[in-house]
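J.: Top line first, the protein sequences correspond to chains W and G.
The first sequence runs contiguously to residue 120 in my numbering.
The second sequence runs contiguously to residue 107 in my numbering.
Worth flagging that the hints you see were computed from the coordinates, not collected in a lab.
C-beta: ideal position from N, C-alpha, C; glycine also.
Possibly wrong hints are sitting among the right ones.
In silico lysine-lysine, DSBU-like type, Cα no more than 35 Å apart, as pairs [to be verified]:
#1 W:K54 - W:K15
#2 G:K103 - W:K67
#3 G:K103 - W:K89
#4 W:K89 - G:K39
Covered stretches of chain G (in silico footprint by chain W; criterion: 3 or more residues with CB under 8 Å from a CB of chain W, positions within the stretch not fixed) [as the list claims (entries may be wrong)]:
#5 24-37
#6 57-65
#7 91-102
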Amino acid sequence: EVQLVESGGGLVQPKGSLKLSCAASGFDFNSYGMSWVRQAPGKGLDLVADISSKSYNYATYYADSVKDRFTISRDDSQSMVYLQMDNLKTEDTALYYCTVDEGTDYFDYWGQGVMVTVSS
Amino acid sequence: DIQMTQSPASLSASLEEIVTITCQASQDIGNWLAWYQQKPGKSPQLLIYDATSLADGVPSRFSGSRSGTQYSLKISRLQVEDIGSYYCQQAHSNPPTFGSGTKLEIK
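So that you can see chain W by itself, here it is in the shape it has in the complex (with noise of 0.2 Å):
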């Protein structure tokens, strides 16, 4: 059974940092992307970042909304990705969730989410 399990989510001010992890079980970790979206309250979903497979040495993708803010990074040996979130603001307030590409190209399975609040 595949299991997407987010945390270190929280409440953080404007100008912080916070670093988001997905532990993942039941599936060959290492031979797929992993991708972090969000999903503001009340709103639809967005692609945030997301990491290729070693076979595609990594590429990584982000939101121009991120860029230059956010790091998305994976640890194949413990089956972990991450989300480093640097100078955040408001606007990135959202339940982010973790998802896996199985060479599908789509979003084959979900976390729960891990719930992000950026204020003062």
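Starting from the known structure of chain W, fit chain G onto it as the hints suggest.
T.: For chain G alone, coordinates are given in the frame of chain W:
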């Protein structure tokens, strides 16, 4: 980026009714389209991929279709457990983009 225009934004329908949600792609995306269901308070789940293929465990009352750059999700007989929000997503070109969502309620 490819824009996905989803409609309607909200929909109220009766049990057993046929429900249709549409997404219009801003350019050709072939069959590279998925639909996700998000039940209240839950994470999204993959419902349909490649425009017409049902994900594992999805009831047969759900179906997807394509006409050019317009894609449709159809629920043939609405059930209580179908309540929630639905999103389309294109996977033709990076970055993948989502439609704005449709909130489905029971009338």
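J.: Now look at each hint and say whether the structure bears it out.
T.: Evaluated hints:
1. W:K54 - W:K15: Holds, at about 32 Å.
2. G:K103 - W:K67: At roughly 30 Å apart (the allowed maximum being 35 Å), K67 of chain W and K103 of chain G satisfy the hint.
3. G:K103 - W:K89: 28 Å, holds
4. W:K89 - G:K39: 28 Å, holds
5. 24-37: holds (count 3)
6. 57-65: violated (count 0)
7. 91-102: That given contact holds, which follows from 9 residues of the region 91-102 of chain G lying within Cβ reach (below 8 Å) of chain W.
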